[in-house]
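For reference, each letter of the sequence shown is one residue, going 1 to 301 in this note's numbering.
Careful, some of the hints might be misleading.
To be verified - Restricting the straight-line Cα-Cα distance to at most 27 Å, the calculated cross-link-like pairs of lysine-lysine (DSS-like) are:
#, residue 1, residue 2
1, K185, K208
2, K205, K185
3, K157, K185
4, K3, K24
5, K205, K157
Claimed, not checked - Across the chosen pairs, the derived CB separations fall in these ranges:
#, residue 1, residue 2, range
6, P196, P258, 25 to 33 Å
7, R71, D221, 49 to 57 Å
8, A117, D78, 24 to 32 Å
9, S152, D259, 19 to 27 Å
10, S20, S152, 19 to 27 Å
11, L111, G251, 48 to 56 Å
If you are wondering where the hints come from, they were derived from the structure by calculation, not from laboratory data.
Keep in mind it's a predicted model, so treat the numbers as computed, not measured.
Built from N, CA and C at the ideal position, the CB exists for glycine as well.
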Amino acid sequence: MSKLRAMEIFVGAAREGSFSKAAKAAGLSPASVSRHIAELEAQLGVQLISRTTRSVALTEAGTHYFARAERILEEIADADHEAAALQTTPRGVLGVHSRTLFGLQVLGPLLPLFQQAYPEIRLELTLSERQIRLREEEYDIDLRFSAPQDPSLVQRKILSSQRILVASPLYLARSSTVTEPGDLKDHNCLTYLLGPEPAVWRFMKDDKLQELQIDSALGTDNGELIRRLAVIGDGVALLDDFTVRSELRDGTLLRLLPDYRITNTTFDGGIYAAYRQTSYLPRKIRVFLDFLVEHAGRSRL
C-alpha cells in the first residue's frame, strides 16, 4: 500500500480515536488498519500511536505527524477539486494563434460573445502569418488555412470555404475582361506569399486542371492587406469566400470566373484548428473549438 494511503488510514484512526471506527469508514478490517499503521511507523522509524484495548492515543511524534498529514491530505483534496473543476467549469489562460485575416474578419467580432459565455477564460490572441511550431511554443491552439502535417497534432475543421477570384468595379472598369484563366496574364494580380517560388494558381473546370504562374506586381504574407487592396481597386485577388461575403453582397467586390474552382494550395479549403494531442483535452480548449464551429460559419453572412 502507498504511503499516501497509509497516511489516510492513520489520520482516520487519529480522528476517530478507534481502529474499528476508522476501519468501518475506510472499508477495511480493524486488523488491516492496525497493520497499515504499523507499516507506516516502520517506514518512519517512530511510534505514532499508543495502542490500548479501548482507544487510540497519539504519541508526541504522532500528534505532530497527524497535524502535518491532515494538512497534506486537505491540500491534495483541494488540488483534486480544482483539477476536476477545470474540466467542468472552463477557466484559465487560453493561448490562440490565428492568421491575421481570419482573426480580423471572423474571430474578432465573435470575441465579445465568447467572453460573455465563458467569463473565466482569459483569451490571449496573437494574429500573424507566421508558421508556428505548436509543440515548441506556448500556444494552445493554432488557427490556420490548411490542415497541419505534423502527426503529433490533432486537427479539427472549423469551417469549410472555397477560394474565389475578386476585383473591384473600379479596377474592372479600366481593365480588360477576364473570361478564362489565361486572361489574368494581362492583369495586376495580388498574391499571397507562400515561399520564395512564384505564385501558382490552379483552376479546375469539368475535371480539367489548369495551372497558371502568376507574375504579380505585389506579393505579401498578409491576407487582410490583399483584401483591402482589392477593395480600393489595386488588382485581382484570390481570397477565401467567407472573408469577402459582405463586399460581394454590397457590390464592393465582384467575383471573376465563377465556373472555376480556384486555389493557390489545395482545393480542400477552410479554417483548421491544430492543437497538441493529449490524454485529456482541457475543457477551455474544447469549448473554444465548439464555439467556433457553431458561430464562425455565420459570422460574415
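Query raised in the report: Does the structure keep K157 and K185 at a Cα separation of 27 Å or less?
Result: Answer violated: K157 to K185 is near 34 Å, above 27 Å.
Report task. With 19 to 27 Å as the target window, see if S20 and S152 comply at their CB atoms. Result -> violated, 53 Å
Query raised in the report: Taken at face value, is the distance from the CA of K24 to the CA of K3 at most 27 Å?
Result: holds, 20 Å
Query raised in the report: CA of K185 to CA of K208, is that 27 Å or under?
Result: Roughly 20 Å separates the two Cα atoms, so the pair holds.
Query raised in the report: Do the beta carbons of A117 and D78 sit within 24 to 32 Å of each other?
Result: holds, 27 Å
Requested in this report: Compare the distance between the alpha carbons of K205 and K157 with 27 Å, and conclude whether the hinted pair is satisfied.
Outcome: The hint holds at about 25 Å.
Query raised in the report: When you take the CB atoms of L111 and G251, is the distance between them in 48 to 56 Å?
Result: Check failed, 29 Å falls outside 48 to 56 Å.
Query - Range hint 25 to 33 Å (beta carbons of P196 and P258) holds or violated - result: holds, 32 Å
Report task. Using the beta carbons of S152 and D259, state whether their distance is inside 19 to 27 Å or not. Result -> Since S152 and D259 have Cβ atoms about 40 Å apart, the given range 19 to 27 Å is violated.
Query - Proposed proximity, K185 with K205 (alpha carbon, max 27 Å) - result: Since the Cα atoms of K205 and K185 sit roughly 19 Å apart, the hinted pair holds (cutoff 27 Å).
Query raised in the report: Taking the CB of R71 and the CB of D221, does the distance hold inside 49 to 57 Å?
Result: holds, 55 Å
Figure legend: structure checked against the earlier numbered hints; hints not met, in rising order: 3, 9, 10, 11.
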